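Chains as they are written, first to last, in the numbering used here: chain A, 1092 to 1480; chain B, 1092 to 1480; chain C, 1092 to 1480.
Quick caveat, the hints were computed from the structure, so don't treat them as lab data.
This one's a predicted model, so the numbers in the text were calculated from it and none came from an experiment.
Glycine included, every Cβ here is placed at the ideal spot set by N, Cα and C.
Where hints are given, some of them may not hold.
[Unchecked claim] Beta-carbon label-pair distances, calculated as ranges:
hint	chain 1	residue 1	chain 2	residue 2	range
1	A	D1470	C	T1101	35 to 45 Å
2	A	E1309	C	I1339	52 to 62 Å
3	A	Q1338	B	T1233	16 to 26 Å
[Unchecked claim] Straight-line Cα separation of at most 27 Å, BS3-like style, residue types lysine-lysine; simulated pairs:
hint	chain 1	residue 1	chain 2	residue 2
4	B	K1227	A	K1163
5	A	K1214	C	K1305
6	B	K1146	A	K1146
7	C	K1291	A	K1145
8	B	K1161	C	K1392
9	B	K1291	C	K1291
10	C	K1327	C	K1305
11	A	K1291	A	K1145
12	A	K1214	C	K1161
13	A	K1407	C	K1305
14	B	K1163	C	K1392
15	B	K1392	C	K1161
16	B	K1161	A	K1291
17	C	K1407	B	K1407
18	B	K1392	C	K1407
19	B	K1407	A	K1392
20	A	K1407	A	K1392
21	B	K1121	C	K1462
22	A	K1305	B	K1214
23	A	K1392	B	K1161
24	C	K1227	B	K1327
25	B	K1367	B	K1161
26	C	K1163	A	K1251
27	C	K1145	C	K1305
28	B	K1392	A	K1161
29	C	K1367	C	K1146
30	B	K1291	C	K1145
31	C	K1161	A	K1407
32	B	K1462	A	K1121
33	A	K1462	C	K1462
34	A	K1462	C	K1458
35	A	K1146	B	K1145
36	B	K1305	B	K1367
37	B	K1145	A	K1145
38	A	K1407	C	K1163
39	A	K1291	B	K1146
40	A	K1462	B	K1462
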Amino acid sequence: MMKHTGCCATLWQYFFEYSTPRILVIRSLKVGTLNRITQALVIAYIIGYVCVLKKGYQDTDTVLSSVTTKVKGIALTNTTDMGLRIWDVADYVIPPQEENSFFVLTNLVITLNQTQSHCPEQKNTGFDCTSDRDCKIGLRDTRGNGVQTGRCVNYSAEVKTCEVWAWCPLELDVDPPDPPMLGDAENFTVLIKNSIRYPKFNFNKRNILPHVNKSYLEQCVFNRTTDPDCPIFRFKDMVTEANEDFQIMAVHGGVMGVQISWECDLDMPSSWCVPKYTFRRLDNKDPVNNVAPGYNFRFAKYYKNGDNQETRTLIKGYGIRFDVMVFGQAGRFNIVPTLLNVGAGLALLGLVTVVCDWIVLTCMTRKTIYKEQKYSYVDDFHLLPDEEP
Amino acid sequence: MMKHTGCCATLWQYFFEYSTPRILVIRSLKVGTLNRITQALVIAYIIGYVCVLKKGYQDTDTVLSSVTTKVKGIALTNTTDMGLRIWDVADYVIPPQEENSFFVLTNLVITLNQTQSHCPEQKNTGFDCTSDRDCKIGLRDTRGNGVQTGRCVNYSAEVKTCEVWAWCPLELDVDPPDPPMLGDAENFTVLIKNSIRYPKFNFNKRNILPHVNKSYLEQCVFNRTTDPDCPIFRFKDMVTEANEDFQIMAVHGGVMGVQISWECDLDMPSSWCVPKYTFRRLDNKDPVNNVAPGYNFRFAKYYKNGDNQETRTLIKGYGIRFDVMVFGQAGRFNIVPTLLNVGAGLALLGLVTVVCDWIVLTCMTRKTIYKEQKYSYVDDFHLLPDEEP
Amino acid sequence: MMKHTGCCATLWQYFFEYSTPRILVIRSLKVGTLNRITQALVIAYIIGYVCVLKKGYQDTDTVLSSVTTKVKGIALTNTTDMGLRIWDVADYVIPPQEENSFFVLTNLVITLNQTQSHCPEQKNTGFDCTSDRDCKIGLRDTRGNGVQTGRCVNYSAEVKTCEVWAWCPLELDVDPPDPPMLGDAENFTVLIKNSIRYPKFNFNKRNILPHVNKSYLEQCVFNRTTDPDCPIFRFKDMVTEANEDFQIMAVHGGVMGVQISWECDLDMPSSWCVPKYTFRRLDNKDPVNNVAPGYNFRFAKYYKNGDNQETRTLIKGYGIRFDVMVFGQAGRFNIVPTLLNVGAGLALLGLVTVVCDWIVLTCMTRKTIYKEQKYSYVDDFHLLPDEEP
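This is chain A alone, in the form it adopts within the complex (with noise of 0.2 Å):
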């Protein structure tokens, strides 16, 4: 082709070189009609499916959140041993903060004046006895409520059971009060403010929306048609729109999500970028499989008497916990993952030649010539026995 062979020469001259591969046309009704459904249906796929619903040309990141909550409402309780009582922010959230989540006291069994002395165990709980021989000192069950003393003594006229060091009066083992003592607590409402942020768009916002102002706050509350920016949620509403009862679920307890989802398009108007709430029951309340339901723990108030004995009120509460779970995942055009999409795509397609390819060469009448003109051949089968070059 050349004279000139000099290395660098060469060099130089493949650098101009462009390589393309050589193409065959077949100019046919099937083939082409064929190629060209398949081809849409690849590119259908990519530009509709890819980048169109799965944003596949967006750079994602998920939320950091900072949320607070604030408690508002009073309940009135009416007991034998506590008499008329009033409830108030600071006596029935508990602990007064947390980070994400809140918890309300909607039902309680409460043990008062209890001190550490001795008393007999509950009966029908393992620990009956009919004499001393029957309990064994410095037992400690798990089922029991303190350390047996190896005495045993009347429980009741009819029952004795051992002798414990404990808490005493102990907590009757009964089941909650029905209907709940704090059911007021379904007009209680709570303000939440969470305010988020995508650290990777430096984007930051809160679900006090800008339009919102400090007069429609204090009144407002949040409903999902009328007022569905408005950040304070009534009880019961939340615990109705997860279909569930308030006044049942009091009884034992349970605990709720309140799920704020914030799903933000970064390529759109940051005023579309608003948080949607769903409400959802966490705690498994399964009929048929109903184990250890509902969700109740113990705490207890501590007082000194006059001779500075200490003495406290053991609470048996049962509430509601409110999980505030933020979630969502912002996008924003960038360049590698729309590429790699591409990318992908492109290589997609290559596969339209492929079955193409296969169906011209295997079921097209006129195959053979196809074939000839597709391929030409080198053998180099004079190594193999069956063959002749």
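Given the structure of chain A, go ahead and fit chains B and C onto it with the hints provided.
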């Protein structure tokens, strides 16, 4: 081509066939250069951007973290109703321990010796009255502090308000003291212990780095320039780094984010994997739209006086909640993402040919020659009306 | 080729064109084998590794979880200053409820009957003095326990220290008791209720599996071999599984991670999706670099004595915080990731040709023949000086 046509022989033969596309090499300054440039671009993108910048060759894992905190410091307050009073950790950290967060009391409105009884409602909160008729017995309003008894009593010499059954005396609806009562808190320090884990790579590390010894830890305070590795933080420094004024923030409270980022390239020595601390105010304090600012909550201490009647001290606590947010990503070489990116890259290289071909076969002067060389045709259009084969 | 040259007709014709590359088939033992082997490798990688091992055909989702815990057990302590004392849940779980975590007191340093008054500072903590001149009035030092009154008083017969206004008597700066006071805690048990959700697949499950019934749940204790599905864990077992000794850990406290992993392949029956429990100590106890070991915090119980003066019991509580970490990934077949991987795979198959071509056209003996067949040339170098067309 060959005599033998036994099926298996054909297969056998087919097995040893190697198909490679037939190439047309165009030796041309223009095309060649164009071709090389586009290639260079694509390769530069793949190597430079995807691999080097985005570390496309790495498999990534997100961090698992555990945080414990320990606050130190003492504050002194002097008020009329409490007199001289010292505050230590057990007083101002509420609750005493949390998982990834801690709250420090900086300001408070205190109401001493509340008991369950009745007293007149606050004035100017919608409960002013002239006669009992204005008060609805049993009414519990979210704005109110108790349950109305139905009587209208003297709030002061001039004003009469509805009487409520509540914790009396009621908390006065006043602004928090300014300057804040526990302004001394700015000098409190907190030791943050954070140990992290990247499960996929079985990599553990803690923010107390190996070279940090006991003696240093006892006297050091974090300083971005002089002590960047000291895990003890002065409150004022943290707030200042977030461009806030501690004394102002302390009045109404707020939420601070202590962000610990662990971005680790585990292909590098693990000693390069160190935490980065940043501080940010999480609650919104936007002056133009400042709805419900700050952070506060109510809690109470319960007492029993001589005649066994329960009294409580209600505290409306304003303070700063520090949320410790640990995040980060570790990457280590892995073959799957590498090949995924290489694959996508090669597919993009395919684009080059497409682009060049288009230019060559449309813009170039000698395009017809190229066309003839590149394409060969098989016609199958006897079906089409306007054709003759 | 054709008479008719109307634009639309051309288009129409173009539409039915099918372009397929012209292929050179080389029939050769060496090349063929080489070719097949490389192909086999790539395909094996795609199928075997990406698809089977990494489940590249699945779309994945991360877990949403909700955890509640209930601790059971009783401990007995006998100290000089408190006498015989029983500890139950309400006493040793602080705070009474948390979101994904619970703390159990295992050891404590208790300071009874503190009041707001003044007393001498600890000795040997830098506050020893000989005269009032050594004490600065109003000085509050982070190492100190109060605010100095400026007077130098007798700490003991020998030592004088600065007087401070503080909660007096001051807590003694002593090591925690060893053996731990609540060593009994090793037999405590905790019921962990965990319900999870994979939102993308709308899949819910809880760690109390369907076959677990009430009676079993009342007496079972988790055991990796005999009771792997029992959600009740004995503290000692958990700590032992983390290769720690409970009694040693209990002295200074620590942080335990209860890891519940929900790795689910939702293409399989959902009953295969079960939690896996693992236990790990989260706080560092590296012997060579053991700075600030263990986990403890201070909290107080507040009382009012007869003459309405506030006193408190300060407790420096050492204990084990159990962080329940729920993580996991669910996968279910999805077309997008599948095609993405297939696409990338095909692109890699393209590599095969590149590699083989290179070998064929450089190493093979008959390379010239292949070259001639594979390449055809069009020269356009009349521009280049050292060329003649």
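Now for the hints, and whether the structure bears them out:
Here the CB-CB span from A:D1470 to C:T1101 is close to 40 Å, well matched to the stated 35 to 45 Å. Between A:E1309 and C:I1339 the C-beta distance comes to about 56 Å, which sits within the given range of 52 to 62 Å. Between A:Q1338 and B:T1233 the beta carbons are some 19 Å apart, a value that agrees with the proposed interval 16 to 26 Å. For a cut-off of 27 Å, the pair hint linking B:K1227 to A:K1163 stands: about 20 Å separates their Cα positions.
For the hint linking A:K1214 to C:K1305, the alpha-carbon distance of about 21 Å falls within 27 Å, and the restraint holds. Taking the CA atoms of B:K1146 and A:K1146, the gap is near 22 Å; set against the 27 Å cutoff, the hint holds. At roughly 13 Å between alpha-carbon atoms, C:K1291 and A:K1145 fall within 27 Å of each other, so this suggested pair holds. Taking the CA atoms of B:K1161 and C:K1392, the gap is near 19 Å; set against the 27 Å cutoff, the hint holds.
Distance hint between B:K1291 and C:K1291 is fulfilled; the C-alpha atoms sit about 23 Å from each other, no more than 27 Å. The straight-line distance between the Cα atoms of C:K1327 and C:K1305 is roughly 24 Å, inside the 27 Å bound, and the hint therefore holds. Annotation: proposed proximity of A:K1291 to A:K1145 holds, straight-line Cα distance about 19 Å (limit 27 Å). Taking the CA atoms of A:K1214 and C:K1161, the gap is near 23 Å; set against the 27 Å cutoff, the hint holds.
Annotation: proposed proximity of A:K1407 to C:K1305 holds, straight-line Cα distance about 21 Å (limit 27 Å). With a C-alpha separation of about 19 Å, the suggested pair B:K1163 and C:K1392 falls inside the 27 Å cut-off, and the hint holds. Restraint check for B:K1392 and C:K1161: satisfied, since their Cα atoms lie roughly 25 Å apart, inside the 27 Å limit. Only pairs whose Cα atoms come within 27 Å are accepted, and B:K1161 paired with A:K1291 is rejected, the gap being roughly 31 Å.
This hinted pair checks out: C:K1407 and B:K1407 have alpha carbons roughly 25 Å apart, not beyond 27 Å. At roughly 19 Å between alpha-carbon atoms, B:K1392 and C:K1407 fall within 27 Å of each other, so this suggested pair holds. Restraint check for B:K1407 and A:K1392: the C-alpha separation of about 19 Å stays at or below 27 Å, so the hint holds. For the given pair, A:K1407 sits about 12 Å from A:K1392 by alpha-carbon distance, which is consistent with the 27 Å threshold.
At roughly 24 Å between alpha-carbon atoms, B:K1121 and C:K1462 fall within 27 Å of each other, so this suggested pair holds. Taken as a hint, the A:K1305 and B:K1214 pair is honoured in the structure, with Cα atoms around 21 Å apart against an allowance of 27 Å. A threshold of 27 Å between alpha carbons decides the hint, and for A:K1392 with B:K1161 the separation of about 25 Å falls inside it, so the pair holds. About 23 Å separates the Cα atoms of C:K1227 and B:K1327, which keeps this hinted pair within 27 Å; it holds.
For the hint pairing B:K1367 with B:K1161, the CA-to-CA distance comes to about 20 Å; that is within 27 Å, so the pair holds. Simply put, C:K1163 and A:K1251 have alpha-carbon atoms about 25 Å apart, close enough for the 27 Å limit, and the pair holds. Simply put, C:K1145 and C:K1305 have alpha-carbon atoms about 39 Å apart, too far for the 27 Å limit, and the pair is violated. Taken as a hint, the B:K1392 and A:K1161 pair is honoured in the structure, with Cα atoms around 19 Å apart against an allowance of 27 Å.
Distance check on the hinted pair: C:K1367 and C:K1146 sit about 20 Å apart at the alpha-carbon level, within 27 Å; holds. At most 27 Å may separate the alpha-carbon atoms for a hinted pair to count; B:K1291 and C:K1145 meet this at roughly 13 Å. Taking the CA atoms of C:K1161 and A:K1407, the gap is about 12 Å. The hint holds against a cut of 27 Å. With a C-alpha separation of about 24 Å, the suggested pair B:K1462 and A:K1121 falls inside the 27 Å cut-off, and the hint holds.
A threshold of 27 Å between alpha carbons decides the hint, and for A:K1462 with C:K1462 the separation of about 21 Å falls inside it, so the pair holds. Annotation: proposed proximity of A:K1462 to C:K1458 holds, straight-line Cα distance about 24 Å (limit 27 Å). Taking the CA atoms of A:K1146 and B:K1145, the gap is near 20 Å; set against the 27 Å cutoff, the hint holds. Distance restraint check for B:K1305 and B:K1367: the Cα-Cα separation of roughly 21 Å lies within the 27 Å cut-off, and the hinted pair is therefore satisfied.
A C-alpha spacing of about 21 Å is found between B:K1145 and A:K1145, which places the hinted pair at or below 27 Å, so the restraint holds. Proximity of A:K1407 to C:K1163 is assessed by CA-CA distance (about 13 Å); at most 27 Å being required, the pair is judged to hold. Restraint check for A:K1291 and B:K1146: satisfied, since their Cα atoms lie roughly 16 Å apart, inside the 27 Å limit. Restraint check: the Cα-Cα separation between A:K1462 and B:K1462 comes to about 21 Å, which is no more than 27 Å; the hinted pair holds.
Checked against the numbered hints given earlier, this structure breaks hints 16 and 27; the rest are met.
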